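Student: Protein chains in written order, with the numbering used here: chain A, 2 to 255; chain B, 791 to 1471.
These are calculated hints, taken from the structure and not from any lab test. Since this is a predicted model, take the numbers as computed values, not measurements. Only true hints are included.
Among chain A residues calculated to face chain B with C-beta under 10 angstroms, some are:
id : residue
1  : Arg82
2  : Phe83
3  : Arg85
4  : Leu88
5  : Leu101
6  : Glu105
7  : Leu111
8  : Gln114
9  : Val116
10 : Gln118
Computed footprint of chain A on chain B, listed as stretches where at least three residues anywhere in the stretch have a Cβ under 8 angstroms from a Cβ of chain A:
id : stretch
11 : 1058-1070
12 : 1390-1396
Straight-line Cα separation of at most 25 angstroms, DSS-like style, residue types lysine-lysine; simulated pairs:
id : chain 1 : residue 1 : chain 2 : residue 2
13 : A       : Lys127    : B       : Lys1056
14 : B       : Lys1389   : A       : Lys139
15 : B       : Lys1389   : A       : Lys127
16 : A       : Lys139    : B       : Lys1056
17 : B       : Lys1212   : B       : Lys1254
Here a beta-carbon is modelled for each residue, glycine too, at the ideal position from N, C-alpha and C.
Below are the chains, spelled out letter by letter.
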Amino acid sequence: MELLKVDQIEKYYGNKSSLTKAIDDISFSVNQGEFVAIMGASGSGKTTLLNCISTIDHVTSGHIYLEGNDITKLKGKALNRFRREKLGFIFQDFNLLDTLTAYENISLALSIQGVHQSEIDQRIRKVAEQLGITEVLKKYPYQMSGGQKQRVASARAIITNPKLILADEPTGALDSKSSRMLLERFSYLNQEYKATIMMVTHDSFSASYASRVIFIRDGKIYHELVRGEDGRKEFFSKIIDVMTLLGGDVSDAV
Amino acid sequence: MLFKISLRNVSRSLKDYAIYFFTLVIGVSIFYVFNAISTQTAMLQLDDSSYEIVGLLKNSLSATSVFVAIILALLVVYASRFLMKRRHKEFAVYQTLGMSKGSISVMLLFETVIIGLASLVVGLLLGTALSQVMSAVVANLFEADMTSYKFMFSSESATKTILYFVLMYLAVVVFNNLSIGRMKLIDLIQSGRKTERITNRNVVLCVITFVAAMIALIYAYHCVGWDYNSLDEKKLVLCIALGSVSTFLIFWSVSGVALRLMRLMKKRFYHSINAFTFRQVSSVINTMVFSMTIICLMLFITICTIASAFSIRNSMNANIQELCPADVEIANGLSSESDIESVQDYKNIRAIYEDAGYDITEGMKDYVELNTYEDADLTIGKSLEPFLEQIQETNPYLDYNASETIVTLSEYNRLMELYGRKPLELNQGEYIMICNFANMKDLRNAVLKVGNDITVFGHVLSPKYTECQDGFIEISNSHINSGFYVVPDEVVSNQIPNNSYFIGNYAETSTDGRKQIEDQEYQIFGEVFDYESTQNDGYLMKIDTKEAILSDAIGLGAVIAFLGLYIGFVFLISCGAILSLKCLSESVDGSERYTILRKIGVDERVISKSLLMQTGIFFFAPLALAIVHSFVGLRFAKFVLITFGTEQVMKSIGIASIILFVIYGGYFMITYANSKRIISD
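With the rest of the complex left out, here is chain A (with noise of 0.2 angstroms):
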């Protein structure tokens, strides 16, 4: 089943006499259940694209569906609503609240919902337990590792049982050991639990991690890989592959 549909974005900064098409015509489409991982270098326009999905920023033209409503056209209280219902939000510096323990912090995510508080309680529980941080629940973001931190952020993320998760470089500030735990646990919770995720990365180790990865160069997709059968390793080497092609003078190599 189609969850998102991208049609024919474009994103332009700047004026009339110079003009950069951070995003210059792109459109795909991501399935309920699926893993998808966007790659680029830096300033191919890939946080922009994610930007404009998770309505942090707006496309100039074209349209993004989520569930067949167009979310271009959302404003003000509906937008909020749709952001806090809808999405899951994993960034790359965590957005942890620093005045908040990891359980306030995960809370928050439901709170603004009018969650009550006794189910707010069962289901950090449970999300602690599925990221493996039920023991620094109690802990302040300064008392954590980075790996901590961004569970923390992504338990705070799912616990809504959000539409689709958007993750910007959720590994670009960890060490390779707790990128590889968070890495898991997207992948688990994308089996188990049937989440969509959808992540932004230049890492191709990360990417490798996904269902199907999304190259993008100038603001267009430049390729696109389908994980299929293959098991992570021989996946990651494609991504190399690929990633090669892509970071060297690509116009001449294709």
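Go by the hints and put chain B onto chain A.
Tutor: Frame of chain A, contents of chain B only:
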């Protein structure tokens, strides 16, 4: 070049400077307005006694101005250091680009000059406008003629204002330079990056501290507000210290425990973004305990000062109705050196006038003559004998060897008839103590309760009542009769009086006529006084009139009200400014958090509500405790100021709250609006 950067800095950081500037402008204008009062009043048509009072006002205002200048200087230095701290990153950029510390100092100097000049100009303009209003108030208070009044500017006050504020700005420059000298580049660069550390206080310790602080506070409250009769200087200082320390400890412990209590109320805590709001508040309060204490105490002083000042003023006017029931009182007495025995031919005041060739009763509608006596053996110490030792301990300054005043019943009742008060009745062998000075009344009542017998000129008398009766002989503006004995006539037969009084009402009723007779009375008194001083009888003479007492009271009341307002205003703007700056800097530091909240989909309305609640708690937590303090403080003030009369406390508290509401509330609103702008950037 540097000047350009400074100019741009100022205009760019207007957001940060707004409160600073606002405070400076109010400071300058208040300083100008109160110092301009003396010049403004020179324009008014005042009578002589008002003129004297204006002199007193001028002197006390300029003395207070020094104190005010110190407070404002501290505030200005505090605020500018605070703004400096906010800009550490900016300084780091300058230094990495190769700007020397000297250049940064010069740049800051320019900034201070720009802000200083602007605030002085705007403040003086505002002050000039406000002082016109003030003139009308002064004219009203002194009942002066405003017809010859025109718009004016007090160059004297303006010069003084500029001088004081330039000194303050110099202090700022010196402090800025000092702190720039101490800066290290590495600290500057990292200054924005520290993560919030949450200090978790030991709950048990907090609870114990809270309970201890409450007990200490209640004890201090009790001593000051209820048990004030046994209060001496040492104990008062102790109470003030206890009150201040426990204020600090209450803020300290409450900020440590409040969050935990809130977290226990799970439903409330995990509702909307309450968890965030409470955390935010507690983290700020934790770092603000000391400032909160200072602000709370300053608010307390402000409330008490303004309310007491106004209640003194109002009651003084009200007291005169009660305590000045006659138009004129002329009296003579034996000076302390003259020996009663040696006075061969005692002359009362009427006889003195006659000797000088005047009739004291001329122009009077009705009058009473009254003599008072003293028995050298009946001293205050003797009167208080049953409890003398205890009383001496708590009231070491009372003159226990002074003789008590004695009045006969018939003369006293005649006076009461003139005053329109109830006459007294007395049996053989009885006396009545008349007293309306509260502190003395309490001492005397204690003695009367045990039925202390006294000996007057050889007659033993016992008290008719177990407490003092209300009353007085001399007209005045306050309750200052510290006590005299009313005794049966036969007790003092054949005694030589110590003082004699002539108390009367003018026959004239028209305002002009009364004024004329008033002037005449003073003139005649002057002549009689001159004549009498050539006679070498050793008499002291005095005259008092209702008019004179009235204008004194109004003037004195006005002086007190002005001083109260002056100090109150300055304290208020100091509190407002400190809180505002703290809140705004919190908003700047925490703006990242609001961005996160927006990203996870919190409505703008909910964020605004949270901000309003945070700002509200910072402003009203110190105020709430200050109001409780003030409640007790005003009880004490009422006791201390009882001689002035403090009956109209409620009205004065009303005035004080309006002033408080406008200024403090104004700061609150500006702070909230600014914080909101900062977090939505």
